[in-house]
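Chains as they are written, first to last, in the numbering used here: chain X, 4 to 275; chain R, -18 to 238.
If you are wondering where the hints come from, they were derived from the structure by calculation, not from laboratory data.
Here the structure is a predicted model, which means the values were calculated and not measured.
Where a beta carbon is used, it is the ideal one built from N, C-alpha and C, also for glycine.
Heads up, none of these hints are tricks.
Reference excerpt, derived from the structure (chain R facing chain X, CB under 10 Å, subset only): (1) ARG71; (2) GLY75; (3) PHE76; (4) ALA82; (5) TYR84; (6) ASN100.
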Amino acid sequence: MKFHNGDEPPVRRPRAQVISKRFDRIFMELANIASFVGRFFREVFLPPYEFKEIIRQCFEIGVKSLPLISLTGFIIGIVFMNQSRPSLAEFGATSWLPSLVSIAIVRALAPLVTALIGAGRIGSMIGAELGSMKVTEQIEAMEVSATNPFKFLVVSRILATTFMIPALMMYTSLLALLGAFLNVNANEGTSFTTYFTQVFDAITFLDIFSSVTKSALFGFTIGVVGCYKGYHSSKGTEGVGKAANSSVVTAMFLVFIEELLSLQVITALRAL
Amino acid sequence: MKETQPVIDRSNCVINIRGLEKSFGDLDVLRGVDLDLYKGENLVVLGKSGTGKSVLIKIISGLLKPDAGTVNVLGQEVPKLKGRTLDQLRLKIGFSFQNSALYDSMTIRKNLEFPLVRNRRDMTRAEVDRMVEIVLDAVGLSQTINQMPSELSGGQRKRIGIARTLILQPEIMLYDEPTAGLDPITCIDINNLINEVQARFHTSSIIITHDLTCAKTVGDRVVMLLDGQFQRQGTFEEVFRTDDERVKLFHDYNFID
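So here's chain R without its partners, still in its complex pose:
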């Protein structure tokens, strides 16, 4: 559970999606998805593997183009953006990848510096170093600064991945399966980190997961993606208070009472 209640501004919608559709060949992955993310909110998107959860956040960050629908992020229509305007928007969106996606050939310091030195060319060396220290401290891994990604554990890599997105001080965070492949204790650490990021950096976040403990711990609101559409929406308890067998099965498999 969260230590401090987040401040959610329900009058300020940072992401607004209507009628989103996406197919890969004959496979319809998203079939008319509607979604609102409010400022300061942690929204969890639940669903089985292969239901298009990651596709949804890749469309939000402009990595994939939708087939139909509107995707409005911070007042800008993402599919219509190109080049520098898309890059400017991306600086306000942090994306934490499922496998951390740290650059193997760079040290942790270089990994963290990378987005900064390329996008904030006005910053001095001392300012860059200071930012690196701040985000490393925020994820509790200051001692790893000169290590290579291959020397870190899975949980540490996830934390560094989150730190790398935080260094640009994004308004929106997109987490793709933040607890996938981690042991239960490390999962708790990552869940707490997501809540800390929300409280300390005042971010609005979409967390893609199929881990119900994660959903319960970090989600202010939970939506469930089934058959390419959001079938259930509300708090964690509201979503699972249903007779829908597909939803109940999802719950029972995760929590064996």
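Just chain X, with the same shape it has in the complex:
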């Protein structure tokens, strides 16, 4: 069969071949990310150590995220307390509100919300910054001036996100608990001492340890994804936009997967 202009119709590739090619691409990407992570672990222990740049990145990533994190954490505390009250009130158990809120915030909400905000703000920032450096040859300029760009740009950023996301998570927890306190104080008249005594009675060392550990994992993931996407971006300004966008989407997706997996591990640890 031919089109009316005499052209042959395009040959459709078999479905199996199309799917196989897609899988090939996914596995190639995974292999590249694994090699990127491998290079990170090789370079992180080798001198020279970029302490100044790590501290600068900690400031950019950590300190500059504080306004957004503060607002989000505080509001989450108020909203969660408000939404939990009616259910507990039905059983006359509003005195359990501080314990319920503290467990929910410390174990799940604070790590996840901080990581999602981090993926949005920090992941896109890293992806766009490295992407634009790549397309404007700044990374090559660094290389020809005898500076290892991977160590200077990538290692420092991944370390900064790995350190800063747990720190931001603890800050979020504190502000969320404070927001929840204001709500419970206004409605039930619970005192500061009573509230925080209940809060700290409800959580264990394992809760805090697991939250810090998984936040570090989330931070590492956000750093690796942002750096990988930015460092390998191409096609000019379009590539920069794509790097920023795909950093956020991929990091958020991985954070949810890691949250699910870590939940299984922590539940198993609790059962021991």
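Starting from the known structure of chain X, arrange chain R on it as the hints suggest.
Chain R alone, transformed into the frame defined by chain X:
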């Protein structure tokens, strides 16, 4: 034209390339390139866009690996170098990028200091500041020291890019399209700067361009890259004294008589 005739030592070859080949997928970019650069010489590589001129200097600086051939720079085989030995060689090679490649997040001072503070850790703060002043003065942009790259014009960015490479006092300069995207007056300034750098810092340079005014002004020798090989070689006049239609077209398009 040059104000002072350069001193070229034809017995001292700083870059020696033989049989260089490079492909990207099915595209053969360089197909057996031979090249010699002598000490003190400005060598212009002419050619259309996409003919592999930039690839050539990226191979020389070790940013790309060749598929075949030898690339000897200052007595060292570049493709075989790794890590610190490659970095040591790179300190002797200045690379001026087509888009200047200034670090957007740093001031001009920080941009210029960057190669120095990372590679000359023995230098004091005062010595670093002095070097920054010297190279900024050499490119005539001392007043921009505390500005950000985004505040500069295209020509100023090119000059700062050249200053950043000069700060390490390289023996070899590689210029990638130094006049691309600039107005004619700024092009003249950049051409004069390239000649000044040659005279003042005694560098040997490869200038990649498709701008014939630049080639005529700065080149002691000109080579023309066509179909992945150097087809013509000599002074500017010698290169264009030919019946080869491709070369004549290149000349006529640039100089409308």
